[in-house]
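Line by line, the protein sequences are chains A and B. Position 226, counted from 1, in the first sequence is what the working numbering calls 226; the numbers after and before it change by one each time, with no gaps. Position 67, counted from 1, in the second sequence is what the working numbering calls 1067; the numbers after and before it change by one each time, with no gaps.
Just so you know, these hints were derived from the structure itself, not from any lab. Among the clues, some could well be false.
27 angstroms max Cα-Cα, derived DSSO-like pairs, lysine-lysine [to be verified]: (1) A:Lys202 x A:Lys151; (2) B:Lys1376 x A:Lys205; (3) A:Lys73 x B:Lys1270; (4) A:Lys54 x B:Lys1376; (5) B:Lys1269 x A:Lys31; (6) B:Lys1376 x A:Lys88; (7) B:Lys1365 x A:Lys88; (8) B:Lys1134 x B:Lys1160; (9) A:Lys132 x A:Lys152; (10) B:Lys1134 x A:Lys152; (11) B:Lys1376 x A:Lys202; (12) B:Lys1268 x A:Lys73; (13) A:Lys152 x B:Lys1011.
Only part of the chain A face toward chain B is listed, based on derived beta-carbon distances under 7 angstroms [said to hold, decoys possible]: (14) Leu71; (15) Ser75; (16) Ser76; (17) Arg98; (18) His99; (19) Gly114; (20) Leu115; (21) Ala123; (22) Ala126.
Everything numeric in this text was worked out from a predicted model, so none of it was measured. For every residue, glycine included, the Cβ atom is placed at its ideal position computed from N, Cα and C.
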Amino acid sequence: MENRDQRHERGGEIMSQIVIQNLNKLYNPNKPNAFYALKNINLSVEDGQIVILKGVSGSGKSTLLSLIGGLSKPSSGEILVNNQNIAKLPDIMSSAFRHQKIGFIFQSFNLLEGLSVYQNILAPLALTSLSKEAIHEKVSLAMQLANIEHKKDQNVGSLSGGERQRCAIARAVVMEPEIILADEPTANLDKENSFIFIEILKKFKALHKTVVIATHDTLFDGLECIDRCVQMRDGELLG
Amino acid sequence: MRTKGLSMFRKNFVEYAILLLFKDRNDHLFSFLIFSFIVFILSSVLFISDSLQYDLIQSIKAQPSIVVENTRAGRAYQMHEGYVYDVSKITGVSGVEGVVDGYHYFAQKRLWFHIIGDASLAKDEMVIGQGVQKAMAELYYEDEFHFLTEERLIRVKINKIAPKGTNILSNDAIFLNPNTARAVLGMEIDEYSKLYVSVPNPNEVGNVALKIVEIYPSAKATSQADAIGAVRHVYYYKGGIFMILYVIALVSFFILLKNQISLVYGEKKKEIAILRSLGFCIKDIIALKFIQNTVVSVSAYLLGVALAYVYVFVFNAPYLRNIFLGSELENSISLTPVVDLNLLFLIFLFGVIPFLAFVILPAWKIAISDMSEAVKS
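Isolated chain A, as found in the complex (with noise of 0.2 angstroms):
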């Protein structure tokens, strides 16, 4: 797997960099129980940094990922990515940025329940007219950077948690994403098996991702490898 700077001497290519500017997300709006998930949010990531996002469940760590993703759309505010607000594309587009550019990681896996590992890190490739052996090259690459290989023909129903974890990171990584959003990625994982994702970080961090990672697990206190702490409360940034 390629790093940025490598990519840079082929083409380039312009840095990945998010950049949130008076972002809010308001669930169910003109209803009496209207409440704002996001207040007012203004963040911006640079290439290759790894970020973490705290604060106790229902701060807003997940939607606002979500929205950085694509999954869902602001209520109002922009969200830049490369220079694109990714807020106001329509559905072809904002998925095609999500295809290319984004990366998920799941607190739950969110595996495809009944496929092999091999045949879960194939989905995103589903999309792309690659042949059968780019595509078994950039699965086995995946597979390698996230130590699952082992395990490719192995349903996911019968892994363990922290293989499961894994088989996500390497379908999130199948495709090569510039930027890496993982919600609550240890809190399904055991003390050895979150060490294993701390080392997986540390490995996105010399492919120089970008990496948001919501969190309220002090594991990731103090690690080297992460850039900068976003503490958020009630939907809104602190500090």
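Knowing the structure of chain A, use the given hints to seat chain B on it.
Using the frame of chain A, we list chain B on its own:
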């Protein structure tokens, strides 16, 4: 690298859609079986009715232009030589043939045999249909048969068995010399039960039929077109027993559609959300469901039609043919393979399209909703 536009037709995408389909094969199996059953029932009914219609119409086409029958008190009544003479004098008529035709009750088996006069046969011999042969053999009448009339016992040798599958009419038929047939049916020597009237000009058939009725008001003159119309009316696919079968198919179809909808909700809702998070757009989700359900419905359709074909034309539609045919005798006919492609296409259209719609519409509804909650759960 991402496929633009018609992504559903891309190889990798189609392969992945099929992979997901096989993953959920148990969920799709119910829909597949119900849909096959519906297509099987409807196709079987259409195959049987088309085949019977075809045979009857072919036999009518082999008959002359007009068939004349006399009636008295609303029942068929014989005609004497004077009818033949009068009808042959009508302008446009090229020939009139008196026919002996009627039914003999075989009390031991409680069956009716169709007696048809055939001048090529000797007085003491007969040709019988497959169904008749079967019924007679059960009572050990293998070489000859005894017709029991009010006056006497008539012995007739069984000369030949009419080949199976010639047509629906020959199955319960006994072909006898006309005089022997008259004796069996209790008719006088110069009497006929029907007149076959030949009219060379098809445009004159209607007028000739009218003239016959003018001369003999109690007679019924049926042209070939009228007879074919009557057969078509009996086997009209929008009426009678067809409606009952349609209701059965419709109920099954609603069960199927309910299952189709449930295939999209529940666990599948999360699957759609996962795929959306991986970059599948709404169009991709719809294309995915379209491919999967097209594979299920088209294969179920083809299986249903193939099974119906084998059931009707190889096994002669056991059980179902009883609905269409009256006596046990008639049931021993073999159905001529006739396939109406238009009606098969109609079944395809009204089966496959709702089948697809009932999965694609809910899938679309889920795909356009906010995915953030679904991927968190």
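**Message:** Are any of the numbered hints broken by this structure? If so, which, sorted upward?
**Reply:** 10, 15 and 16
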